[in-house]
Amino acid sequence: MYTLGIDVGSASSKAVILKDGKDIVAAEVVQIGTGSTGPQRALEKVIETSGLKKEDISYTVATGYGRFAFKDADKQVSEISCHAKGIYFLVPTARTIIDIGGQDAKAIRLDNNGGIKQFFMNDKCAAGTGRFLEVMARVLETTLDKMAELDEQATDTAPISSTCTVFAESEVISQLSNGESRNNIIKGVHLSVASRACGLAYRGGLEKDVVMTGGVAQNAGVVRAVAGVLKTDVIVAPNPQTTGALGAALFAYEAAQKN
Amino acid sequence: MSKVETILSQLKDIAANPKKAMDDFKAETGKGAVGIMPIYSPEEMVHAAGYLPMGIWGAQGKTISKARTYLPAFACSIMQQVMELQCEGAYDDLAAVVFSVPCDTLKCLSQKWKGTSPVIVFTHPQNRGLEAANQFLVTEYELVKKQLEAYLDVKITNAALERSIAIYNENRAVMREFVKVAADYPQVIDAVSRHAVFKARQFMLKEKHTALVKELIEEVKAMPVQPWDGKKVVVTGILLEPNELLDIFNEFKLAIVDDDLAQESRQIRVDVLDGEEGPLYRMAKAWQQMYGCSVATDTKKGRGKMLINKTIQTGADAVIVAMMKFCDPEEWDYPVMYREFEEKGIKNLMIEVDQEVSSFEQVKTRLQSFVEML
Ligand code: SF4
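As you go down the protein sequences, you meet chains A and B in turn.
Using the working numbering, the letters of the first sequence correspond one by one to residues 1 to 259.
Using the working numbering, the letters of the second sequence correspond one by one to residues 1001 to 1374.
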């Protein structure tokens, strides 16, 4: 049996096809999210990669910010539950999940059976999210994929506050005009994102293993900063952008079996 | 339309159109209305004067701009709205505004009222255990009474006050009964309806409200109790609005089986007791009996325990904390309650209430995740 999970995020669309609730047949990411052609394209791409036909899919679960806008799903499940499900499937020792996506950050505490004990989300603010990094990358005249590498070359951390994207942006500009090195500023930006996310993780009571997921987990600079703030090892989920879609496909499998 | 639907729609109308409720009252009685600021006021006095007490609890979805001149961005969301509305003259039809100042934001706001109605400010004593606190509050109430009498040009007699106290006590008792009925019949009284019954209370004479709610209770209780296939929650905070937010509770089948909202059950928690003393003294004493509220000092911090008990007694699955954005008294209470919930294994969720927002996607995700987790 094939099931599909689609995660319609604010900045990207992700889709995963699962066979019999255990084998990932295909996973695709399209870097454009809800309200665009992204979800449909992710769906078409994942079907194409899998070599299957649409009719082969027994059940579809949508998750993510645009889950209710995606009309081809049998059911909608929240991204918190889907990330938890996906991560527990990939890393059964996970007890704290830090998920940093395009427009929000979340910390999820799992119990020993993968159930959600508690979760926290950031409040309506781009600080500490992928969007924050995008804004900073633009000011710093670099791209998201280069930021981790530049961070590695930093000799120091330039302090950047973590409360507000707009203030942080002007801080970055004044740091630049004071002659601070770009790499040090990038390291500061990563620390700022990490502090925000770790603030959420602390609220739920930190327990190991700590797993990072979401698009921002692909940035090794942020991962290092999180590990530094939490003073613990951090596991990066395999294919961190698609763990939500994977969770959705797992829920789809469970639902299909009940049907 | 069934009787229940008729009563609910009547109360929903009043809750949604306070201005109309006030104008109708004026047309009917020839008297005016007096604004009542949150959280606790000796409303009975206004009632005894023959005026309509009107609750002032902000509004939803207004973009804050004029209020920025007077309030910092980190003042609570509800008072931002109140300030904005003041600047627009929304409260200028009121004959007076009674203003208690149990938190810093209210203290500041009371000193810079921008409307044209006269404002009557009084203080609640926070050292609540002392007899001197009662004496102090009596003096404050005497001042409120004197000013009301002057502004409204009415004499508030003890006999009228006693009558109003009895009417208020009855309304509170009926509302406590309503809370239980709503818990038993979530299919009939959903989250939106439940809130409307409470909200209409702020814009009606209490005797009229009591009569309607009594009828409602009777009608509902005549129906068979059906099993509830959703989840049950106890909610706490300053208020839980607007209807778009409560619609999400309905959508995910979250029945509100009890509440500790300042706008709702905290208003009906304690009565003015009978006794030998005069009405003002007994009204002052009610403040000492108040418990479980972030603006009524409680050195033992009993609110968490109270909520845990409510959860157990009602068989609720969880507590939802509706945190008024930037309300410091509520934010100070939260970590203490949170720890107690976690220690007792009470599932809980905090959602933010921001009266300025008009999009509820994020809170929808939180509530959906929470329901999936329960
Ligand atoms: S108690 Fe909270 S919500 Fe009410 S006025 Fe004070 S700060 Fe604002």
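One thing to keep in mind: the hints can contain errors.
With a Cα cut of at most 35 Å, we get these calculated DSBU-like pairs of lysine-lysine [stated by the list, open to error]:
| no. | chain 1 | residue 1 | chain 2 | residue 2 |
| --- | --- | --- | --- | --- |
| 1 | B | 1301 | A | 117 |
| 2 | A | 71 | B | 1012 |
| 3 | B | 1208 | B | 1221 |
| 4 | A | 71 | B | 1062 |
| 5 | B | 1231 | A | 75 |
| 6 | B | 1253 | B | 1221 |
| 7 | A | 231 | B | 1221 |
| 8 | A | 22 | B | 1231 |
| 9 | B | 1019 | A | 208 |
| 10 | B | 1301 | A | 231 |
| 11 | A | 117 | B | 1253 |
| 12 | B | 1305 | B | 1114 |
| 13 | B | 1020 | B | 1214 |
| 14 | B | 1112 | B | 1231 |
| 15 | B | 1145 | B | 1214 |
| 16 | A | 208 | B | 1062 |
| 17 | A | 54 | A | 71 |
| 18 | A | 258 | B | 1347 |
| 19 | B | 1305 | B | 1019 |
| 20 | B | 1180 | B | 1112 |
| 21 | A | 75 | B | 1114 |
| 22 | A | 208 | B | 1112 |
| 23 | B | 1347 | A | 71 |
| 24 | A | 117 | B | 1300 |
| 25 | B | 1232 | A | 258 |
| 26 | A | 231 | B | 1107 |
| 27 | B | 1301 | A | 208 |
| 28 | A | 146 | A | 258 |
| 29 | B | 1019 | B | 1112 |
| 30 | B | 1347 | A | 22 |
| 31 | B | 1285 | B | 1112 |
Interface residues of chain B toward chain A, partial, derived using beta-carbon atoms under 7 Å [as the list claims (entries may be wrong)]:
| no. | residue |
| --- | --- |
| 32 | 1104 |
| 33 | 1365 |
| 34 | 1368 |
| 35 | 1369 |
| 36 | 1373 |
The set of hints was computed from the structure by calculation and includes no laboratory data.
Positions of the beta carbon are idealized from the N, C-alpha and C atoms, including for glycine.
Verification of the hints:
no.	hint	in the structure
1	B/1301 - A/117	25 Å, holds
2	A/71 - B/1012	33 Å, holds
3	B/1208 - B/1221	20 Å, holds
4	A/71 - B/1062	32 Å, holds
5	B/1231 - A/75	19 Å, holds
6	B/1253 - B/1221	21 Å, holds
7	A/231 - B/1221	58 Å, violated
8	A/22 - B/1231	31 Å, holds
9	B/1019 - A/208	56 Å, violated
10	B/1301 - A/231	34 Å, holds
11	A/117 - B/1253	21 Å, holds
12	B/1305 - B/1114	40 Å, violated
13	B/1020 - B/1214	23 Å, holds
14	B/1112 - B/1231	44 Å, violated
15	B/1145 - B/1214	31 Å, holds
16	A/208 - B/1062	44 Å, violated
17	A/54 - A/71	14 Å, holds
18	A/258 - B/1347	27 Å, holds
19	B/1305 - B/1019	39 Å, violated
20	B/1180 - B/1112	40 Å, violated
21	A/75 - B/1114	51 Å, violated
22	A/208 - B/1112	51 Å, violated
23	B/1347 - A/71	32 Å, holds
24	A/117 - B/1300	28 Å, holds
25	B/1232 - A/258	25 Å, holds
26	A/231 - B/1107	43 Å, violated
27	B/1301 - A/208	32 Å, holds
28	A/146 - A/258	45 Å, violated
29	B/1019 - B/1112	23 Å, holds
30	B/1347 - A/22	31 Å, holds
31	B/1285 - B/1112	29 Å, holds
32	1104	21 Å, violated
33	1365	5 Å, holds
34	1368	4 Å, holds
35	1369	4 Å, holds
36	1373	4 Å, holds
The structure fails to meet hints 7, 9, 12, 14, 16, 19, 20, 21, 22, 26, 28, 32 from the earlier list, while all remaining hints are met.
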